[in-house]
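*Asks:* Take these sequences, add in the hints, and give me the full structure.
Below are the chains, spelled out letter by letter.
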Amino acid sequence: MAEENHPRVTINFEFRRKLDEIVGGDHHSYCYQCGACVAQCPAARYNDSFNPRTILQDTILGREDVLLAKDSPIWLCTNCYSCYERCPQDVRPIEVIVALKSLAVAKGVAPDAVASMTENITKAGVSGIITPAVQKIRERLGLEPLGEYPVDEMLKLLED
Amino acid sequence: MKLAPFYGCMIPIKYPQMEAAFRRTMPNLGVELVDLEGFTCCPDPIFFKTKGVLDWLTVAARNLCVAEEQEADLVTLCSGCTATLKEARFLLAEDESLRDRVNERLKRVGKEYKGTVKVEHAVVVIRDEIGIDKVRESVVRPLDGLKVAIHYGCHLLKPSQIMHVDDADYPSILENLIRAIGAEPIGHDMTLLCCGKGCMDDDMPIEMIFDIFSSIRDAGADCMGLICPTCFSSFDLGQILVGRKKDTKFDIPVIYYFQLLGLAQGIPPEDLGLHLHKVKADKILSSLGVVAGAPPAPAA
Chain C
1336 MAEENHPRVT
1346 INFEFRRKLD
1356 EIVGGDHHSY
1366 CYQCGACVAQ
1376 CPAARYNDSF
1386 NPRTILQDTI
1396 LGREDVLLAK
1406 DSPIWLCTNC
1416 YSCYERCPQD
1426 VRPIEVIVAL
1436 KSLAVAKGVA
1446 PDAVASMTEN
1456 ITKAGVSGII
1466 TPAVQKIRER
1476 LGLEPLGEYP
1486 VDEMLKLLED
Chain P
878 MKLAPFYGCM
888 IPIKYPQMEA
898 AFRRTMPNLG
908 VELVDLEGFT
918 CCPDPIFFKT
928 KGVLDWLTVA
938 ARNLCVAEEQ
948 EADLVTLCSG
958 CTATLKEARF
968 LLAEDESLRD
978 RVNERLKRVG
988 KEYKGTVKVE
998 HAVVVIRDEI
1008 GIDKVRESVV
1018 RPLDGLKVAI
1028 HYGCHLLKPS
1038 QIMHVDDADY
1048 PSILENLIRA
1058 IGAEPIGHDM
1068 TLLCCGKGCM
1078 DDDMPIEMIF
1088 DIFSSIRDAG
1098 ADCMGLICPT
1108 CFSSFDLGQI
1118 LVGRKKDTKF
1128 DIPVIYYFQL
1138 LGLAQGIPPE
1148 DLGLHLHKVK
1158 ADKILSSLGV
1168 VAGAPPAPAA
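Protein chains in written order, with the working numbering: chain C, 1336 to 1495; chain P, 878 to 1177.
None of these hints come from the bench; they were simulated from the model. Fair warning: this is a prediction, and the values are worked out from it, not measured in the lab. The hints are all genuine.
Ranges between beta-carbon positions, derived for each pair: (1) C:1346 - P:1095: 45 to 53 Å; (2) C:1339 - P:1097: 58 to 66 Å; (3) P:1092 - C:1483: 38 to 46 Å; (4) C:1364 - P:1044: 23 to 31 Å.
Even for Gly, the Cβ is constructed at its ideal location relative to N, Cα and C.
*Replies:* This is the structure:
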């Protein structure tokens, strides 16, 4: 058998095992590459460098270098859940992508915006910033002022 | 009927007009709203979930515990909160060992998730529990002739395995709610397209918003009607920014369903906070014969 007709494929199972430990990452091995996820994917329609099927293919091969690169396509996902809706294998591709994103966050290669978006929640218990201007608008609308959120209780849950 | 709303963050902080509209319209459907104490951010299903899926799930489970302790099913006003809380419920019911891991963490704050409360978006509660007839009966000023382009957003419908709301490809829930207030739902090609807010790319959402608003303009709609504050944040200011980049002006007001309902119930537009939107609804209001300018009355 000529080597050039059957190029050697290396699978990084260690990476896949890591993904299996993350909630939502563990369904990736069900993927049989049918491409049903691609047809309705808005990110694939609007950007040629995004394709949920090839992301799953790279995942099955354990291509950590591609998936967790600084410019990984995973960040182009719009989180619309069409792939989850379409997938006949219950791969839940969006959840695999979210799991990949969380590995990127842990590795320190996620876009800065991700950290700043979550920082508010861990600081204040809510995603927005409650300013005096916000309270004034609420007052004018006849709404009660916003109080404190149980952030300490939430932070206890986030300790490892 | 008593309902316990989960307002989330974006609505009370960024778009309190949506909260005001909800608080003012629901009593007219015979609903008493009961505010529960002790919630945090749902937490958000896009960025916070990326930070750590188990963290996201545990914080969501804590919010569900707060509702369980007060034996109250939750009604959500934001598609993001709906997605997080319903997916958390689904995952915790599906996987017992996962529920044990989450409960192990919840022990630190003296809580335990049991799975005893339901979560539904307000429009689903109206359709399934309150009844669309109640909406019809509450109308004193039908929005006759108002053409509303519905934007469903993604998270109300998908994944249908979890959301159980409607056919994700041919939904009708919002069309029926729009008809109930006398307005006309206008179909267009991009009605189910994602708003693009969850995407970390700069260019893609611009193209998506441009396509959605071009499609609405071509369909001849007077406004866009929606139920999600995240989609609103893409579209209200977004259509102005995209218009500048593309050298066009859409001028299509984006209106939360409960604001439309409030107009049909005869509530003054100021009380519904329509003046807080970047794209003003003045043209619609004058064609409906609504006079703006009365001072807001206190909300329920």
